[in-house]
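K.L.:
Line by line, the protein sequences are chains A and B.
In the working numbering, each residue carries its 1-based index in the first sequence increased by 7.
In the working numbering, each residue carries its 1-based index in the second sequence increased by 7.
Bear in mind the hints are in silico, worked out from the structure with no lab data behind them.
Keep in mind that the hints are not guaranteed to be accurate.
Quick list of in silico lysine-lysine cross-link-like pairs, DSS-like style, CA-CA up to 30 Å [said to hold, decoys possible]: (1) A:K149 with B:K149; (2) B:K246 with A:K149; (3) B:K155 with A:K149; (4) A:K39 with A:K89; (5) B:K262 with A:K246; (6) B:K236 with A:K236; (7) A:K262 with B:K262; (8) B:K236 with A:K246.
2 protein chains.
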Amino acid sequence: MEVTNRFITLKHHVDQGRAHESDMELGTTKEKLELKGENDVIVRVLYLSCDPYLRGRIRSTQDSYIPPFTPGKPMGGYGLGKVLQSSDPNFKEGDVVSGVMDWADYSHAFRSTKVDPEAVPLSYYLGALGMTGFTAYVGFFKICEPKKGETIYVSAASGAVGQMVGQFARLFGCHVVGSAGSQQKVDLLTSKFGYHEAFNYKEEPDLDAALKRYCPGGIDMYFENVGGKMLDAVLLNMKDHGRIAVCGMVSQYNKAEQDPIYNLSYVIKRRLKLEGFIQTDHLDLQPEFFKSVIGWFKEGKLNYVEDIADGLEKAPGALIGMLDGKNVGKQSVKVSDV
Amino acid sequence: MEVTNRFITLKHHVDQGRAHESDMELGTTKEKLELKGENDVIVRVLYLSCDPYLRGRIRSTQDSYIPPFTPGKPMGGYGLGKVLQSSDPNFKEGDVVSGVMDWADYSHAFRSTKVDPEAVPLSYYLGALGMTGFTAYVGFFKICEPKKGETIYVSAASGAVGQMVGQFARLFGCHVVGSAGSQQKVDLLTSKFGYHEAFNYKEEPDLDAALKRYCPGGIDMYFENVGGKMLDAVLLNMKDHGRIAVCGMVSQYNKAEQDPIYNLSYVIKRRLKLEGFIQTDHLDLQPEFFKSVIGWFKEGKLNYVEDIADGLEKAPGALIGMLDGKNVGKQSVKVSDV
Numbered sequence: 008m009e010v011t012n013r014f015i016t017l018k019h020h021v022d023q024g025r026a027h028e029s030d031m032e033l034g035t036t037k038e039k040l041e042l043k044g045e046n047d048v049i050v051r052v053l054y055l056s057c058d059p060y061l062r063g064r065i066r067s068t069q070d071s072y073i074p075p076f077t078p079g080k081p082m083g084g085y086g087l088g089k090v091l092q093s094s095d096p097n098f099k100e101g102d103v104v105s106g107v108m109d110w111a112d113y114s115h116a117f118r119s120t121k122v123d124p125e126a127v128p129l130s131y132y133l134g135a136l137g138m139t140g141f142t143a144y145v146g147f148f149k150i151c152e153p154k155k156g157e158t159i160y161v162s163a164a165s166g167a168v169g170q171m172v173g174q175f176a177r178l179f180g181c182h183v184v185g186s187a188g189s190q191q192k193v194d195l196l197t198s199k200f201g202y203h204e205a206f207n208y209k210e211e212p213d214l215d216a217a218l219k220r221y222c223p224g225g226i227d228m229y230f231e232n233v234g235g236k237m238l239d240a241v242l243l244n245m246k247d248h249g250r251i252a253v254c255g256m257v258s259q260y261n262k263a264e265q266d267p268i269y270n271l272s273y274v275i276k277r278r279l280k281l282e283g284f285i286q287t288d289h290l291d292l293q294p295e296f297f298k299s300v301i302g303w304f305k306e307g308k309l310n311y312v313e314d315i316a317d318g319l320e321k322a323p324g325a326l327i328g329m330l331d332g333k334n335v336g337k338q339s340v341k342v343s344d345v
Numbered sequence: 008m009e010v011t012n013r014f015i016t017l018k019h020h021v022d023q024g025r026a027h028e029s030d031m032e033l034g035t036t037k038e039k040l041e042l043k044g045e046n047d048v049i050v051r052v053l054y055l056s057c058d059p060y061l062r063g064r065i066r067s068t069q070d071s072y073i074p075p076f077t078p079g080k081p082m083g084g085y086g087l088g089k090v091l092q093s094s095d096p097n098f099k100e101g102d103v104v105s106g107v108m109d110w111a112d113y114s115h116a117f118r119s120t121k122v123d124p125e126a127v128p129l130s131y132y133l134g135a136l137g138m139t140g141f142t143a144y145v146g147f148f149k150i151c152e153p154k155k156g157e158t159i160y161v162s163a164a165s166g167a168v169g170q171m172v173g174q175f176a177r178l179f180g181c182h183v184v185g186s187a188g189s190q191q192k193v194d195l196l197t198s199k200f201g202y203h204e205a206f207n208y209k210e211e212p213d214l215d216a217a218l219k220r221y222c223p224g225g226i227d228m229y230f231e232n233v234g235g236k237m238l239d240a241v242l243l244n245m246k247d248h249g250r251i252a253v254c255g256m257v258s259q260y261n262k263a264e265q266d267p268i269y270n271l272s273y274v275i276k277r278r279l280k281l282e283g284f285i286q287t288d289h290l291d292l293q294p295e296f297f298k299s300v301i302g303w304f305k306e307g308k309l310n311y312v313e314d315i316a317d318g319l320e321k322a323p324g325a326l327i328g329m330l331d332g333k334n335v336g337k338q339s340v341k342v343s344d345v
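Bound conformation, chain A alone (with noise of 0.2 Å):
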């Protein structure tokens, strides 16, 4: 099967600065579908994920745990495609799958799970459904270590992660408490994303001040999104044997020098835990997540709230905004009709 396929390049690496929609472009050649022998998959892509880690593959260092993009070549990440071809015995033509799969119109696809389109909406399953609803319910559930009636404070809460940790924490019957950067993500928290007590951190100058309002009793549980300064201001705040799920610290991926932290002593004088982690690495909790949320969807407990950019061509700018945090709920970017 011949195709005209499009796809996005990185032109060259960026490793200090913002990211520019100008550092991809749009490609197009003509290809022929061919699998590679067994256990293969040739999707048509539906949508595409865009999410902060990726601002890591435009750097040139490999210092994390996923390398670098290679200019010149399909960017890519988790998406949703329809199978065209398969050799996997798992997959036959006409699935939808969620998997890693090129920034293209078409692609082979890596690591794919078949997802039931008729549960919730389809790109549902690059969020809430996907890896970043994964994210938030490894984050919350197991490295938080929850109990009920404590504070957790979210930061970047309206983000694809925060919203549902913010949900699945007021589900559990903690006392909620977020920050996002506009008027209109912070009345989202509180209008439908479960928090309690919401606060723009962009009209707060006195970080620790803006905590000590919104958390007077202290918090028991932070998770964390941005880093920086309000880590920082975070850490005078924790009570006794908090716990620190650190997610990522989107405000520090732009920063050729990281921001000073001053209060790690607080770790001891408090007894904190901070964790890093990433949800690949708790995959056993995949079947209960699934459970549990495709559930809550069913029964009405969940919202969630998505900003899709339409069209391929739109990637590179929908993948600039949301590092700029432009995007209003999970950013993801729709390719083709199923």
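With chain A held as given, fit chain B onto it using these hints.
P.N.:
Relative to chain A, chain B alone:
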């Protein structure tokens, strides 16, 4: 019973910079030793323990788990004493107990435990079998979650805690690397305390390079005693899923502004766990601690080096010397013979 009681007091709090011997003084008073109701114990003080956490009690600010000393009143801490009077059914005259007591010749004792002066040299109950040894035991066996064959790095490795951590880790089957601040201490690490490798951090202009040289395969566990620049260098050298047991940050205790930490993003990149702890949260482990450690001493498997100042009047100098790293081994003060 009326006695002439000598005691050490703090003249005033010292919030910033080094504390000095001259910030403390010896006082003398005549007093009548009288039991205060039930479950009280009065002891002749035998030994007193000089520990890094005492620096925090010399400060006026209450921002830790332990209150400041009151100027003019006797200082206090862990000690050993011989029971003179007791209204506590667990203790009788002549018993030797470890507990919390004044820096004085005579004191009421709190949280006392009877010790066996025949099992090991008596002063060991302030160190190897006391708070610092138990801190090492909790930090290594519980917080570090060790596995045989893993590499552990210990800072302040010849200190009261570090020398026990090294030996516990060696007995357990780990590769053990330590640092200290003089050649004499470094020699002790490899000759007496079970360390496979050791270095003098004061002679290493680039701590990151030193750690790469002494731990070329990376660090699975870091037993943190010093904080600051050492912690920042260690973060760069941790292996995936590494654990950092945060026991103390002695390099930071005198500083008005804490040293900045820049490399916390490695908590995500390497999925690290940092955990602050104090031994009093883990008293359930004390029975196994005493059984194991007394057993290892009797089998000749453990060494212990102490630095004992002779006389209550030497206590201020011993404390300051320990905070400056001048002691070799666990610093205690002998107040009286049994």
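K.L.:
Of all the hints given earlier, name the ones this structure violates by number, lowest first.
P.N.:
none
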